[in-house]
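Asker: Sequence:
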Amino acid sequence: MTKTQAEKEEFVTQIFSDRTLFEKEVVQVSTEADRVEVMEIIAQSLVRDKLKEEINFLYLDTLTKFKLSSIVGTIFNQFANEWLSFAVEVLGYSKESALKEIQEKQRAAFVHSIATLYFKEYGKYIFETIADTFIELVDAFPHANSDNRLVNEILQSDFVLDNNVLIIQSSQRDCK
Numbered sequence: 266m267t268k269t270q271a272e273k274e275e276f277v278t279q280i281f282s283d284r285t286l287f288e289k290e291v292v293q294v295s296t297e298a299d300r301v302e303v304m305e306i307i308a309q310s311l312v313r314d315k316l317k318e319e320i321n322f323l324y325l326d327t328l329t330k331f332k333l334s335s336i337v338g339t340i341f342n343q344f345a346n347e348w349l350s351f352a353v354e355v356l357g358y359s360k361e362s363a364l365k366e367i368q369e370k371q372r373a374a375f376v377h378s379i380a381t382l383y384f385k386e387y388g389k390y391i392f393e394t395i396a397d398t399f400i401e402l403v404d405a406f407p408h409a410n411s412d413n414r415l416v417n418e419i420l421q422s423d424f425v426l427d428n429n430v431l432i433i434q435s436s437q438r439d440c441k
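With the working numbering applied, the sequence shown has no gaps in its numbers, which climb one by one up to 441 at the end.
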């Protein structure tokens, strides 16, 4: 059954006002396990590709380049891309029309709030992946303490708790 234009518009309005409906229809998420799986995928994408120059220790040459501020925006972009695919493939929108729908200020804020929520609730998967890159960096250098300036910088920073545990903490201001 094909939806009329008015039905599509009403459906889109509902999608951008109900987080559960947005997750179910656009992101294909309906359970906690689904959310975790999505964030594990996003974590790999962010750390290994999209933000590797900012949060992947294998690509940093100094700790001053490490920053978490782009994470929520990049999660937003992931969800926006999911919307574009959904709108084009399922609703039959043109890419331009789909883009116009999500660029509406209130809708963009709605999707951004979902991205922020996902970061707050499931950001640990991103931090675990970031920590994995540190371990990979140390593993790449048998004598990392003396051979790698970044490793030394990290080991002497606030990332190391009680001289033995790598931690990555975020604050609200870092991730907006």
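A portion of the hints provided could be inaccurate.
[As the list claims (entries may be wrong)] In silico BS3-like pairs for lysine-lysine, Cα to Cα no more than 27 Å straight-line: (1) K330 to K317; (2) K268 to K289; (3) K332 to K317.
Just so you know, the hints here were simulated from the structure itself, not pulled from any lab data.
Asker: For each hint, tell me whether it holds in the structure or not.
Answerer: A quick look at each hint next to the structure:
Restraint check: the Cα-Cα separation between K330 and K317 comes to about 11 Å, which is no more than 27 Å; the hinted pair holds. For the suggested pair K268 and K289, the alpha carbons sit about 19 Å apart, so the restraint of at most 27 Å is met. At most 27 Å may separate the alpha-carbon atoms for a hinted pair to count; K332 and K317 meet this at roughly 10 Å.
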